[in-house]
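Trainee: Protein chains in written order, with this note's numbering: chain A, 42 to 276; chain B, 1005 to 1309; chain C, 60 to 345.
The hints are simulated quantities; they were obtained by calculation from the structure and are not laboratory data. Remember, it's a predicted structure, so these values are computed and weren't measured experimentally. Every residue, glycine too, gets a C-beta built ideally from N, C-alpha and C. Treat the hints loosely; a few may be bogus.
One side of the interface only, derived from the structure: several residues of chain C facing chain B at Cβ under 7 angstroms [unchecked claim]: (1) Glu205; (2) Trp212; (3) Leu213; (4) Tyr216; (5) Phe285; (6) Asp287.
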Amino acid sequence: MIQIDGLSKWFDLHIANQMHVKPLRTISFDVEPGKFMGLAGPSGIGKSTILKCIYRTYLPSEGSIWYDSAVWGKIDLATANERQILHLRRNEISYISQFLRVIPRVTAVDIVAERLTARGVTRADAIEQVKLMLQRLALPEKIWDAFPATFSGGEQQRLNIARALISQPRLLLLDEPTASLDYRTKTVVLDLLHEAKKNGTTMIGVFHDLEWLKQIADDTVTLDPSVHAAPLQQV
Amino acid sequence: MEHLQININDFDDELSPFDGIDHTLTWKDEPLLKVRRLNKKYGSGCMLCESEHGMSEKVNRCPNCATVWAMRNVSFDLYPGEILGIVGESGSGKSTLVKSLYFDEVVDQGEAYLQAYEKQDTNIFELSNQQKRFVRNHLMGMVYQNPLLGLRMNVSSSGNIAEKLLAADHRHVGFMRARASELLNQVEIPISRMDEAPKRFSGGMQQRVQISKALANRPPLLLLDEVTTGLDLSVQAKVLDLIRRLQRQLGVAMLVVSHDLGVIRMLADRTMVMRNGRVIEQGMTDQILEDPQHAYTQLLVHSLL
Amino acid sequence: MFEQNYNFAFLDEASKREIRRATLKAIAIPGYQVPFASRELPIGRGWGTGGLQLTLSLVGKEDVLKVIDQGSDDSVNAVSIRRLVEDTTGIRTTESTEEASIIQTRHRTPDHPLRNDQIMVYQVPKPEPLRDVEPSETATARMHGEMDYSPMWLALYENIVKYGNMARGADYPVMINKRYLMAPSPIPRWDNPKFHYAGFLSLFGAGREKKIYAIPPFTHVESLHFDDYPFEIENFDGASCIDCGSANGFLQVIPAKGGTWIHRCSDTAFCLARRNASLKNAEVQA
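One chain only, chain A, in its complex shape (with noise of 0.2 angstroms):
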């Protein structure tokens, strides 16, 4: 499904003194169709940088991203222009991260409806859909119309999975999805996941607690700091 082939990533700052920071360094591995890889590896080591790197909202630096597209067949993330990013962001590819980082002022429902209604399901049934994917993911139905900007980092994180999920995605990355959520929320979402899996979601994703990883990572990859990572460069 993905193939990763000496990924790396450094940034040039050109500000204040010209800087040049490698966070990753050539990183391979392959995922299967359908399964689940987690990233393993102590706090910047490049976890997130990955993901980022297949979402495109790094530019790689160096190495390919190959992923078996819907509508091209095998196509480099690393190389494709934006429009076709775009079209897999659209339909493809979901992105869980951190932080929700959304558009102000619309609701919660709206939020998580716009990604299926950007696809052509009709608002009355696309809300049908987000009801009860909220429901499940227990946010309380008094916020459901309320702005996000003003959730708790809780609520905040289940929307974000809950608009990652919705959609029903070929490939999922998730950045420590569940972060800052309770015990019970936890579980709820690893069902999510084992279901997205059953249903063919390929997925990769970065889990701070190992014990969640191992329920449903099918293989791990873990980043050595000796191999993956480089000082930082004063140039």
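Knowing the structure of chain A, use the given hints to seat chains B and C on it.
Mentor: Positioned in the frame of chain A, the structure of chains B and C alone reads:
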């Protein structure tokens, strides 16, 4: 006034919803607007600055002949239904760019092709004045920073919208009023005030009337030039929400010019960074904001409060 | 009295030729305003010099001239113009619409039907129909060139919004040959439909503004109107002329004693002809 009672149902066919976004999951990649190597200069130009690499990227004024290049080899594609943001500091040529696309400014060189126009293969800058007027009225909408440029302040708000419809050869007062009330309703102007002149409106309302005027003939392309600059924060938020909602509802492609990265972050799918009349970086908005490549873009992003 | 020799029809031949040339161009492009070098005349600018120059350049020795002012043959201005032409050409003038070959007029078209061999000459104060909506001459020239008349339409729309109708009296703009917007001079709306596929030639002269334009015979002339707001001529609610009893002519509304109104034909020649005819009828019957 009884004679002006609006009955929208009379015009149901004509007022049916906009064509809207193309929801199909299939891949289509035909740009709505293709812009190629647009140049605009103030001055005569000389051997040095006319040549391909004759001028440094760091200046827009030729050191030899003092010609100022407001736009230099600007090229980009805009796809149907997408929002393309253009950021840059003042004087970077972003307003010149949208104004030349709306034929408010004359370009010196360059081509632009509009897929929605029947003559797809004709450079729109080479059209006759009448054809340009057709393109302006039917295929584009423009919202200026200053409502004075986009609105007739002494004419009623519905009249401002009617002006666009009249230019598109509509000659039915009832239809025009129904359409105007539909549009004003969309931008949340109370229908009871549709016959009031915009000069009596607040800045935010004027901007909303301008947006509805730009949308009068359901153009596939909307040009927004610093729409929220100069409005206070809460009004700014309202106008931005409106633009976003309209874009979702109508599926109109937008070119959003702003110096405000917040506006771009909220609206744009893709972003183009301009400086000294050149496009220095293009990419997805989140990528531009989180992983800017060009030194200037990094400076811009890190200036964000 | 001392004798003074003027050229035939006051103007010198070269001037007349130049005006005729402009007139021919105007006829060739219906509704288009042709600029010309307006001459000095022994009457003041704004007193019908445009129409008079057209008349003077048109008259031949066999022509019969009629001059009307707001429908009346007897106003000071009409009489003065008639005298001037008589004195400088020696041609015959008339008050009868039927007899005349050239009719110079201000603010009216005769109510008596015109023949194809008659020529109407209108005196025009403001030849530019777009002047009210666009002050710049360059801009109006461009608008005519590109047929961009939406500001005019917008003005009509605004009147409908404000007053419920198009609220324009005299000088109601017309579209000539589906191409040029034209000001028909300040004639009442009543006279507008008379232009549509008319057999006679209409010439318009604006002396102060130095423009000549024309409606050639058998030309499509349409008064501006919306699909749901049709063009309407003046309505007199079935009133008729107090003198001749006509309800078919344009009527002047005159306040009378006791707060009432009386109506009288605006076209004096038309009224007179009808009264003469009814007198004759009475005599025949007697």
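Trainee: Against this structure, judge whether each hint is valid.
Mentor: Hints and how they fare:
Here the hint on Glu205 (chain C) is kept, as its CB sits about 5 angstroms from the closest CB of chain B, short of 7 angstroms. At a threshold of 7 angstroms, the smallest CB-CB gap from Trp212 (chain C) to chain B is about 4 angstroms, leaving the interface hint in force. With 7 angstroms as the threshold, the beta carbon of Leu213 (chain C) comes within range of chain B, its nearest partner Cβ sitting at about 5 angstroms, so the hint holds. Satisfaction of the interface hint for Tyr216 (chain C) is found here, the shortest Cβ-Cβ separation to chain B being roughly 5 angstroms, below the 7 angstroms cut-off.
At a threshold of 7 angstroms, the smallest CB-CB gap from Phe285 (chain C) to chain B is about 5 angstroms, leaving the interface hint in force. The beta carbon of Asp287 (chain C) is positioned within 7 angstroms of a beta carbon in chain B (closest approach about 5 angstroms), and the interface hint is therefore held.
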